[in-house]
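Novice: What follows is each chain in one-letter form.
Protein chains: 2
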Amino acid sequence: MEEIILLSHGNGGESTRRLIEEEILKYFGNDILNQLLDSAIFDIKGRLAFTTDSFVVSPIFFNGGDIGKLSIYGTINDLSVMGAKPLYLSVGLIVEEGLSFEEFRKILLSMKAASEECGIKIITGDTKVVERGKGDKIFINTSGIGIIETSLDWRGRGIEQGDIVIINGGIGEHGLCIMIQRLGIKVGEEVKSDLAPLNSLVLPLLKISNNIKFMRDPTRGGVAGVLNEIAQKYSVEIEIEEEKIPIKPWVRSASEILGIDPLYSANEGKVIIIASRKDEDKIMSFLKNHPLGKDAEIIGEIKGKGNRVYLKTKLGTRRILDPLKRDLLPRIC
Amino acid sequence: MEEIILLSHGNGGESTRRLIEEEILKYFGNDILNQLLDSAIFDIKGRLAFTTDSFVVSPIFFNGGDIGKLSIYGTINDLSVMGAKPLYLSVGLIVEEGLSFEEFRKILLSMKAASEECGIKIITGDTKVVERGKGDKIFINTSGIGIIETSLDWRGRGIEQGDIVIINGGIGEHGLCIMIQRLGIKVGEEVKSDLAPLNSLVLPLLKISNNIKFMRDPTRGGVAGVLNEIAQKYSVEIEIEEEKIPIKPWVRSASEILGIDPLYSANEGKVIIIASRKDEDKIMSFLKNHPLGKDAEIIGEIKGKGNRVYLKTKLGTRRILDPLKRDLLPRIC
Numbered sequence: 000m001e002e003i004i005l006l007s008h009g010n011g012g013e014s015t016r017r018l019i020e021e022e023i024l025k026y027f028g029n030d031i032l033n034q035l036l037d038s039a040i041f042d043i044k045g046r047l048a049f050t051t052d053s054f055v056v057s058p059i060f061f062n063g064g065d066i067g068k069l070s071i072y073g074t075i076n077d078l079s080v081m082g083a084k085p086l087y088l089s090v091g092l093i094v095e096e097g098l099s100f101e102e103f104r105k106i107l108l109s110m111k112a113a114s115e116e117c118g119i120k121i122i123t124g125d126t127k128v129v130e131r132g133k134g135d136k137i138f139i140n141t142s143g144i145g146i147i148e149t150s151l152d153w154r155g156r157g158i159e160q161g162d163i164v165i166i167n168g169g170i171g172e173h174g175l176c177i178m179i180q181r182l183g184i185k186v187g188e189e190v191k192s193d194l195a196p197l198n199s200l201v202l203p204l205l206k207i208s209n210n211i212k213f214m215r216d217p218t219r220g221g222v223a224g225v226l227n228e229i230a231q232k233y234s235v236e237i238e239i240e241e242e243k244i245p246i247k248p249w250v251r252s253a254s255e256i257l258g259i260d261p262l263y264s265a266n267e268g269k270v271i272i273i274a275s276r277k278d279e280d281k282i283m284s285f286l287k288n289h290p291l292g293k294d295a296e297i298i299g300e301i302k303g304k305g306n307r308v309y310l311k312t313k314l315g316t317r318r319i320l321d322p323l324k325r326d327l328l329p330r331i332c
Numbered sequence: 000m001e002e003i004i005l006l007s008h009g010n011g012g013e014s015t016r017r018l019i020e021e022e023i024l025k026y027f028g029n030d031i032l033n034q035l036l037d038s039a040i041f042d043i044k045g046r047l048a049f050t051t052d053s054f055v056v057s058p059i060f061f062n063g064g065d066i067g068k069l070s071i072y073g074t075i076n077d078l079s080v081m082g083a084k085p086l087y088l089s090v091g092l093i094v095e096e097g098l099s100f101e102e103f104r105k106i107l108l109s110m111k112a113a114s115e116e117c118g119i120k121i122i123t124g125d126t127k128v129v130e131r132g133k134g135d136k137i138f139i140n141t142s143g144i145g146i147i148e149t150s151l152d153w154r155g156r157g158i159e160q161g162d163i164v165i166i167n168g169g170i171g172e173h174g175l176c177i178m179i180q181r182l183g184i185k186v187g188e189e190v191k192s193d194l195a196p197l198n199s200l201v202l203p204l205l206k207i208s209n210n211i212k213f214m215r216d217p218t219r220g221g222v223a224g225v226l227n228e229i230a231q232k233y234s235v236e237i238e239i240e241e242e243k244i245p246i247k248p249w250v251r252s253a254s255e256i257l258g259i260d261p262l263y264s265a266n267e268g269k270v271i272i273i274a275s276r277k278d279e280d281k282i283m284s285f286l287k288n289h290p291l292g293k294d295a296e297i298i299g300e301i302k303g304k305g306n307r308v309y310l311k312t313k314l315g316t317r318r319i320l321d322p323l324k325r326d327l328l329p330r331i332c
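Residue numbers (numbering that gives the first Met the number 0), protein chains in the order written: chain A, 0 to 332; chain B, 0 to 332.
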């Protein structure tokens with residue numbers, strides 16, 4: 000086969016068939032996908048979660064992951080934080096003419112490994128090729144379907160004064176890692192994205208506590224972005240304490256050099272959890288014993304009615320933490 | 000608001016929130032989408048169909064439609080030809096910095112109208128912005144979920160010798176229209192894409208005949224492509240008659256000028272139907288009375304075991320109709 004992806008791989012004829020059958024099915028193949036029907040068919044009954052995300056991250060390979068792995072974990076995480084067990088994914092590839100098969104296969108292989116790790120199946124897909132200069136190597140859309148067991152559905156559990164705000168580990172790592180790599184700065188191996196699938200963390204957690212009231216993965220917009228969304232949506236005032244926020248030393252250095260607050264930097268393996276204080280011990284002990292939660296911290300609490308987020312600084316002052324207004328680098332995820 | 004889409008509209012902060020709440024929700028808003036959760040939630044029971052498609056057509060506005068309408072109908076059609084009633088769609092937008100809000104809104108409005116026409120809801124979405132020169136105005140991914148009623152599930156109805164091959168109207172219109180417009184040739188208003196949603200045609204048809212054995216919309220790769228897929232997948236020989244194939248006069252002229260066989264040109268409102276001959280009258284009479292089927296024709300039949308497609312020409316000769324091997328223009332859909 001040719002060494003680079005050509006426009007003919009997207010024309011719907013023989014080259015497309017070969018690309019799909021000899022490359023894509025080799026990695027993703029399963030009983031449903033292999034049928035290559037216009038739609039995948041499956042039987043199901045229950046409360047479903049459905050989500051979509053397009054991934055346009057640049058560079059496509061970065062410390063701690065690649066666009067393929069990100070596209071699987073990202074959608075797994077959007078399902079998981081809703082309390083849904085991820086079941087099925089679709090994959091839509093938009094490839095720029097000229098992408099090498101070596102890179103293409105590396106991405107497919109990474110997606111395959113990530114899917115298997117999370118126990119999900121890719122059951123339907125689509126591949127398009129655009130001319131050189133009309134895309135950027137590869138964009139990946141994944142849409143996901145998950146199922147919510149009754150015990151994992153927290154809707155209606157109201158957020159109220161005294162509830163605690165938890166994060167499962169250090170903030171800002173994905174965004175700052177991508178920015179540093181985009182600048183071509185040579186870095187040590189501790190500098191890497193926190194990219195991780197959250198299903199194994201949040202789904203069991205929802206089973207041990209009935210008092211979790213909200214979860215969201217703070218991707219674009221960072222922790223500050225998600226907290227502001229919560230404050231506005233549920234009309235609550237949130238206060239977080241600077242001192243409690245877990246930040247790795249390299250993130251702190253990078254954020255000072257680049258002038259970017261880690262609170263606004265994207266995460267790809269973190270979840271913000273709002274829960275009743277009465278389950279604090281149960282939740283924190285579960286998190287601390289999980290590989291993705293060992294650096295978990297209670298970073299703040301719900302102060303009452305309102306619509307703002309406040310940061311209590313190390314100096315003891317209190318300032319409003321606005322949602323992101325400035326431009327950060329685009330294409331972090 | 001700014002007159003063009005900026006990178007900041009994709010940063011996950013305040014501009015993104017405004018873009019989503021003030022623009023996207025204005026057009027797509029419904030009870031599920033408005034919740035802006037990480038995943039949309041709905042209850043369901045049954046046999047589901049799930050499909051995905053990315054749309055990268057250029058130009059984004061063309062005679063007979065635009066990329067927005069195409070992205071809705073395309074996925075509606077992929078669900079419908081499986082016998083699934085389309086219910087829910089996701090929409091993933093990848094916008095190139097610099098797209099005008101005027102064009103952006105025109106596309107959203109077109110998607111809204113198409114969704115309403117087909118009775119489906121857009122329940123989850125995602126918007127990314129890429130730098131100028133890293134995309135091409137707008138790419139749209141839609142993934143769709145539909146439900147298959149038992150009576151609409153034809154799996155297991157084997158294709159056999161004597162079965163008829165039907166198409167619901169003139170071939171090659173979408174592909175040739177896009178190619179002509181790409182070349183900047185000035186054309187009359189009869190030159191337009193056949194873009195149409197097939198749900199109102201194929202779902203009732205499946206209810207009136209239990210002897211439909213296969214349906215597919217011949218998009219990329221055209222009628223020749225789909226027939227070759229069927230021949231290979233079901234190990235049958237198919238023969239179609241040149242004389243029976245409906246082709247509009249402008250398509251014939253365009254195909255002669257451009258040197259492109261309409262049999263390989265994409266369609267966006269056509270369906271190939273394989274059915275038992277005993278329901279010929281029932282099926283043809285239904286099709287002929289439907290606005291999307293009035294030019295329907297029986298174009299060929301299943302000749303027995305095999306794996307090839309033959310074309311009986313007007314001169315009475317018989318030649319193999321291969322799947323597409325050459326390059327056509329990319330980005331037809």
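Just so you know, the hints here were simulated from the structure itself, not pulled from any lab data.
There may be inaccurate statements among the hints.
Copies of one chain are not kept apart here, so a pair can be met inside one copy or by any two copies together.
Unchecked claim - Simulated pairs of lysine to any residue, SDA-like, Cα-Cα distance not exceeding 25 angstroms:
id : residue 1 : residue 2
1  : 25        : 126
2  : 304       : 210
3  : 191       : 319
4  : 84        : 31
5  : 304       : 34
Novice: Hint by hint, where does the structure go against what was stated? Just the numbers, ascending.
Specialist: Failing hint: just 3.
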